[in-house]
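For chain A, the structure is supplied; the task is to place chain B on it using the hints.
Number of protein chains: 2
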Amino acid sequence: MSENGFSAPKFSTTIPTGDDRERAVCERCGFIDYQNPKIVVGSVALWKEKILLCRRAIEPRKGFWTLPAGYLELGESVENGARREAWEEARARIIIERLLAVYSVPRISQVQLMFRATLESGDIDAGPESDEVGLFDWDHIPWADIAFPTVGWALRQWRESRGLAEFPPFSNPVDGL
Amino acid sequence: MSENGFSAPKFSTTIPTGDDRERAVCERCGFIDYQNPKIVVGSVALWKEKILLCRRAIEPRKGFWTLPAGYLELGESVENGARREAWEEARARIIIERLLAVYSVPRISQVQLMFRATLESGDIDAGPESDEVGLFDWDHIPWADIAFPTVGWALRQWRESRGLAEFPPFSNPVDGL
Numbered sequence: 010m011s012e013n014g015f016s017a018p019k020f021s022t023t024i025p026t027g028d029d030r031e032r033a034v035c036e037r038c039g040f041i042d043y044q045n046p047k048i049v050v051g052s053v054a055l056w057k058e059k060i061l062l063c064r065r066a067i068e069p070r071k072g073f074w075t076l077p078a079g080y081l082e083l084g085e086s087v088e089n090g091a092r093r094e095a096w097e098e099a100r101a102r103i104i105i106e107r108l109l110a111v112y113s114v115p116r117i118s119q120v121q122l123m124f125r126a127t128l129e130s131g132d133i134d135a136g137p138e139s140d141e142v143g144l145f146d147w148d149h150i151p152w153a154d155i156a157f158p159t160v161g162w163a164l165r166q167w168r169e170s171r172g173l174a175e176f177p178p179f180s181n182p183v184d185g186l
Numbered sequence: 010m011s012e013n014g015f016s017a018p019k020f021s022t023t024i025p026t027g028d029d030r031e032r033a034v035c036e037r038c039g040f041i042d043y044q045n046p047k048i049v050v051g052s053v054a055l056w057k058e059k060i061l062l063c064r065r066a067i068e069p070r071k072g073f074w075t076l077p078a079g080y081l082e083l084g085e086s087v088e089n090g091a092r093r094e095a096w097e098e099a100r101a102r103i104i105i106e107r108l109l110a111v112y113s114v115p116r117i118s119q120v121q122l123m124f125r126a127t128l129e130s131g132d133i134d135a136g137p138e139s140d141e142v143g144l145f146d147w148d149h150i151p152w153a154d155i156a157f158p159t160v161g162w163a164l165r166q167w168r169e170s171r172g173l174a175e176f177p178p179f180s181n182p183v184d185g186l
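Sequence lines, in order, name chains A and B. Mapping of the first sequence onto the working numbering: residues 10 to 186, in sequence order. Mapping of the second sequence onto the working numbering: residues 10 to 186, in sequence order.
Next comes chain A alone, as it looks inside the complex (with noise of 0.2 Å):
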């Protein structure tokens, strides 16, 4: 017992009844610790032509370039956590235009949206999360230094659907992952 009075779970791994797989199953309480994947948002977001990117000031993957995305919080809609990322990493408002793509990254359990969205504004600023934040023409963006594949995916997913009136949501590209 600790000094609240209650006890610390227990956890041991077994398959619940009813259940097809193992889980952290509270000895004590029977209290199923279900661990599902995590949802990350974010958008590739435009100002008269140009693309919002950060520069990671934290790991993983810090000094390298990334679209403004994070994980989505409790109690949050996918469209209000895109915009709150953009506005941590970047200071920037967003207007969400519609999703551009999910991405599924089974290996680290992530599920990817990203929307395709405008600046309000071209007044961006480095949040905490963040050395440095710019907007990129096409032919400048810092390929050799992106972050994560997603990122490439959504870039050049983005570029291909600027030329569709519409087209339903991208994925991992074939020759993703």
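It is possible that part of the hints are untrue.
[Unchecked claim] Here are the computed lysine-lysine pairs in the DSBU-like style, where the Cα-Cα straight-line distance is at most 35 Å: (1) Lys71(B) to Lys57(B); (2) Lys47(B) to Lys47(A); (3) Lys71(B) to Lys47(B); (4) Lys71(A) to Lys19(B); (5) Lys59(B) to Lys47(A); (6) Lys71(A) to Lys59(A); (7) Lys19(B) to Lys47(B); (8) Lys47(A) to Lys57(A); (9) Lys19(B) to Lys19(A); (10) Lys19(A) to Lys59(A); (11) Lys47(A) to Lys59(A); (12) Lys19(A) to Lys47(B); (13) Lys71(B) to Lys47(A); (14) Lys47(B) to Lys57(B); (15) Lys57(A) to Lys19(A); (16) Lys71(B) to Lys19(A); (17) Lys71(A) to Lys47(B); (18) Lys47(A) to Lys19(B); (19) Lys59(B) to Lys47(B); (20) Lys57(A) to Lys71(A); (21) Lys71(B) to Lys59(B); (22) Lys59(A) to Lys71(B).
Since the hints were made in silico from the structure, they are not lab data.
Same frame as chain A, now just chain B:
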């Protein structure tokens, strides 16, 4: 110390350095137990113009009709999750056509990805979480006995999507939630 020589985690609620919201942090080792929304994957799956529905054998909403859908598991792509759920709940093999809709349900911290799909055959059968499965003409959908609002949204938006060559995925209807 427990019998295996490890201490149980001792969580307290605090804002980690560099974060902006409270998390459960272990006072002993600093482990941060991030909690994030969960992903539900499912499908509107057709066989000869009829829609696959499942009558729930479990709570919540036992006895009500739903689309085959459930929580995405660790290490799984969204498409594979939707296929697995169709098999588990209706012993149905589905061919995914495209993403129909993405719903955010912030109240319960869920994001639902619903696909448009077809069945490989008309062979279906109730899995362990279903009391009954069926293929329904649009005019015979049991609207009064639908399990969840998102099921109704997906059905109506599936109907709307049939006249469209291409379209962005639907999201929460404006009159929803």
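TODO: Find the hints from earlier in the document that the structure breaks and name them by number, from lowest to highest.
DONE: Numbers 10, 15, 22, in rising order.
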